[in-house]
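Chemist: Chain by chain, the residues:
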Amino acid sequence: MSMFRRLVNTFSRSKLHQEIDREIQSHVEMRMADNMASGMSPEEARRDALMRFGSRVVMRERITAADAATGLDAVWRDLRYAARHLRRSPAFTVTALVTLILGIGTNVVVFSVLNALVLRPLDVPRPAGLYNVVHKQPAYDNHSYPDYLDFQSKNSTFSDMAAYRLDTAGLGTKDAAYKCWYYRVSGNYFDMLGVQSEHGRLFHATDEHGPNSAPYIVLSHAFWRKHFNADPGVIGTTVDINKHSFTVIGVAPAAFHGADLFLWPDFWMPMVDNPDSQDTNFLSNRFTHNIWVLGKLKPDVTPQQATDNLNAIAHELARQNRADDGLSARLVKPGLMGDQLGDPARSFLAGIMLLAFLVLLAACANLASLFAARTADRSRELAIRLAIGSSRWHVLRQLLAESVLISVLGGALGTLFSTILLNALTRWQPFAEFPVHVAVSPDAEVYSVALLLSIGSGIVCGLLPTRQIWATDSAQVMKSGAAGTLVFRRFTLRDLLLGIQITLCTLLVTSSFVALRGMRRSLHAPLGFEPDGVLLAETDLHMGGHSDASIAQIRKRMLEEISHIPGVISVGIIDETPLGTGGSSTPVYRMGTIDFRMSNSAFGAKYFSISPGYLEAAGTHLLGGRDFTWHDDAKAPNVAIVNETFAHAMFGNTSPLGLRFALGEKFSYEIVGVVENGKYESLTETPWAAVFFPLEQNPDSDTSLMVRSPLPPAEILPEVRRVLAQIDASLPFVFHTWPDALGFVLFPARVATATLGVLGLLATMLAVTGIFGMAMYSVSRRMREFGIRVALGAQAAQLMRSALGRPLILLLSGSAAGLFLGVMASRLLAQIVYEATPRDPLVLAGVLVTMALLGFLATWIPAQRALGVHPARLLKEE
Amino acid sequence: MARNDLQGTLDLLVLKTLSQMGELHGYGIVLHIQRASEELLSVEEGSLYPALHRIEMSGWIRSEWKVTDTNRKAKYYRLTPAGQKELQKAEESFEQLVKGIRAILRYA
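Going line by line, the protein sequences match chains X and R. Just so we're aligned, residue 1 is where the first sequence starts under our numbering, counting upward by one. Just so we're aligned, residue 1 is where the second sequence starts under our numbering, counting upward by one.
FYI, nobody ran anything at the bench for these hints, they're computed from the structure. Incorrect hints may have been included.
As the list claims (entries may be wrong) - BS3-like mimics (lysine-lysine), calculated; alpha carbons at most 25 Å apart, straight line:
#1 X:Lys-243 / X:Lys-226
#2 R:Lys-73 / R:Lys-16
#3 R:Lys-66 / R:Lys-16
#4 X:Lys-556 / X:Lys-635
#5 X:Lys-15 / R:Lys-16
#6 R:Lys-73 / X:Lys-15
#7 R:Lys-89 / R:Lys-16
#8 R:Lys-89 / X:Lys-15
#9 X:Lys-333 / X:Lys-154
Said to hold, decoys possible - Derived DEER-like restraints, expressed as beta-carbon distance ranges:
#10 R:Leu-40 / X:Arg-88: 51 to 57 Å
#11 R:Gly-100 / X:Gln-25: 37 to 43 Å
#12 R:Ala-82 / X:Gln-25: 28 to 34 Å
#13 X:Pro-303 / R:Gly-59: 53 to 59 Å
Claimed, not checked - Covered, in the sense of this in silico footprint (three residues per stretch, anywhere, with C-beta under 8 Å from a C-beta of chain X), are these stretches of chain R:
#14 15-27
#15 81-88
#16 95-101
Glycine included, every Cβ here is placed at the ideal spot set by N, Cα and C.
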């Protein structure tokens, strides 16, 4: 209670003072009246009454002393004093604020992303104990549906286990058709995650009774709002999915978007249903690895026990089924597409977080220098205050108040800016045709980290100059003036900080140059095809409800009619666009293999189905042999075209033309052509073996039409669209140019480059201000000395050497160290950015020029100032 | 052992005065102590007001602006229940102090 009153008093100080004055006034008047009544003259009466109180101001202070003793008042006073001081030197304040906004803002942004992707648990009602079950081999995350069923029924360590896969489908209502991304999930999926429906109901394990037994879908909240105007009446109605009838039974809550952090699907469907009438057998085929498995541990089971349990089951399964040869299990944190994105995302984010933190440290180092310089400039004032009895602690508290005030202010502004940026990032949809959102809005954790960083950096900045105060000998300072107090011979902590800062700056500049060059190179890398000038039209023919028999006819018609469009040079079809979002691989066997198990295979190869003319349309060079023709159909002998890596791995240096390989007991293929190597999944992959089959012999409903034309896409697109609509208006196509479609594979590299670029720029700015501050400071402190030296006949070069010697030494050694570290760090970068190598004369030259420019920029003004010294005028001043 | 000092004694005088007179302003307290002690004790204004402020902050008295008989505005203080208890304690410890001092003076 009384604490509260003190607090109120602290903030209503002037009101309290007025009240005390009024009370004393009334006392004085009463005393005067009594004095006059006892016979004093008015003048005497007044004097007597006032005398009893002494100084009004002292009286007031004594009365309120009780409040000040609590410290609250003192802190408030320190803060106000600090604010006043900061207002009086706007240049200093603005510099410090900008430095802090950059430093803290960067950290808040990076931490938010790290928090959203790595630290925060999955955004489902019951996230505890959830793990994705993947294989031991990295980046091999999918299981087959029968294996999932075995894992689920035979384990003793999970309370439940669900399966899901991402797929595309055409969803048709009475009025419109949409190409949708959706999850096909096991029946127990919603119950295991603890999700309740917002409208209608969700499906459960009890709804599943074998293939196509549960033709229900659950809409996502966003899709329901966007395309059904949030109408609850949609529940119970039917929609067409790939021309098959499905009943909408419910709407999921707005916050729920499945078990992947980035993906926001349009709806959910039971896995047992199959809208691709042809794609029937994955539910019973152990060879088809296309689902993610998500398990929920029993309460007192450790992940290790569960892993052992699953591996024992896997071992048993491998013994029983040839398809499960080498099956293994590993648990990973869910959320990043199984764990496909997990490792690179985690290590990259951890690296960036470290860099961001180093940037903040550099900012703090700068600020500490600024504060130290300021303290030194004020050393005379401080000495006087110490001399008249102020305690060192008191002076220190005041300086600390200043730095904490400014850092909290800078932190608040930095957080504000980064919140704006993060919210924009959350709304951003990086890929038009892919349901990806990066939900990174800051939460309470982010804000507390921001506050912690602000106060922390304030204290660090403020404490570094304290040694100066502790060492202040007031008599000495006042005698000699400010200049005498600092020793310039020794290397100080500040020099070390500046050196680290320059090192860091060089490291970041090197990394961003390496990344930039890598990006440029990846745009001109030998991809094994020529994306420029190609228009893509992608669809799944099953979405039009076509059967495999009619698919062949439709494809032929499409190719035929598009090739007649004026301006089209060539056209072809491939089932999966290389460097697109899909792709499959298969084990390949030498002829003569008898036991076709995984461990007996020669190697794994990417495989594609292509139409005649695809190679020409894609710009893939045929190195030998022939392209497919329409005669390579189901009745003709099996043929294949392989790439160089395949040919070399299988046959060494002999020409593979006419030779054969096998995929299984009854499946052997004659090689009729060899094409150049290419990139199939990512730009940074090592060369894959790849094999192409004729579409007629290896049909697939996925269709990517490639139309090559020298005309601009805007001219050719309407024509292609018109022709395709004539063939089947109900087919949902996605159109884009091939270079645009490559955005997906280039995305990680783009993000890495942009991030490094921004951090590099920040570090450069901080380094420039750091060197500038130090050089400027050292020059201004020694102007008198320079004046004397010039008067005694010193040359400009000698002056420069002593004025800028130290900053330049720091610049040189820092740059060297940074360049070395940058070269080391590039190895890490090479995993994300294509051909990121620092052994590139352009990169090295770029870094050196940047650092030299930076040094020049930062020391130019101080150098001018030192050279412009005017001995007579300077000596007159003191 | 009695907790006591000069400050405590002034607090005791103020609390006792207010408990006897009910409601009083600062000047009234000065006059009352002077009169009641038969001019033996005189409270200085310089000590009284800091003490009043401190005692009020401790929650033992409450204040209110009122008009005096002579039509002047003045700040009146009155005892709170907590102040009543504090007064009792202060009186007891003062008794102890007086006893102790007397014992020392009588010691021969």
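Chemist: All the hints need checking, so say for each whether the structure fits it.
Modeler: Consistency of the hints with the structure:
Proximity of Lys-243 of chain X to Lys-226 of chain X is assessed by CA-CA distance (about 21 Å); at most 25 Å being required, the pair is judged to hold. The hinted pair formed by Lys-73 of chain R and Lys-16 of chain R meets the criterion: a straight-line CA distance of about 24 Å does not exceed 25 Å. Proposed proximity of Lys-66 of chain R and Lys-16 of chain R is supported: the alpha carbons are some 21 Å apart, at most 25 Å. A threshold of 25 Å between alpha carbons decides the hint, and for Lys-556 of chain X with Lys-635 of chain X the separation of about 17 Å falls inside it, so the pair holds.
For a cut-off of 25 Å, the pair hint linking Lys-15 of chain X to Lys-16 of chain R is broken: about 29 Å separates their Cα positions. At roughly 17 Å between alpha-carbon atoms, Lys-73 of chain R and Lys-15 of chain X fall within 25 Å of each other, so this suggested pair holds. With a CA separation close to 11 Å, the supplied pair Lys-89 of chain R and Lys-16 of chain R stays within the 25 Å bound. For the suggested pair Lys-89 of chain R and Lys-15 of chain X, the alpha carbons sit about 33 Å apart, so the restraint of at most 25 Å is broken.
The suggested pairing of Lys-333 of chain X with Lys-154 of chain X holds, with an alpha-carbon distance near 22 Å, which does not exceed 25 Å. Range check, Leu-40 of chain R to Arg-88 of chain X: about 56 Å between beta-carbon atoms, so the 51 to 57 Å window is met. Remark: the range hint 37 to 43 Å for Gly-100 of chain R to Gln-25 of chain X is upheld by a beta-carbon distance near 42 Å. A beta carbon spacing of about 29 Å between Ala-82 of chain R and Gln-25 of chain X agrees with the range 28 to 34 Å that was offered as a hint.
A hinted range of 53 to 59 Å holds for the C-beta pair Pro-303 of chain X and Gly-59 of chain R, which are about 58 Å apart. Closer than 8 Å: that is the beta-carbon criterion, and the region 15-27 of chain R has 3 residues meeting it against chain X, so the requirement of 3 holds. Figure legend: the region 81-88 of chain R, annotated as covered by chain X; annotation inconsistent (0 residues with Cβ-Cβ distances under 8 Å, at least 3 required). Check result for the region 95-101 of chain R against chain X: violated, 0 residues qualifying (beta carbon to beta carbon below 8 Å, three or more required).
Going down the numbered hints, you'll see the structure goes against 5, 8, 15 and 16, while the others check out.
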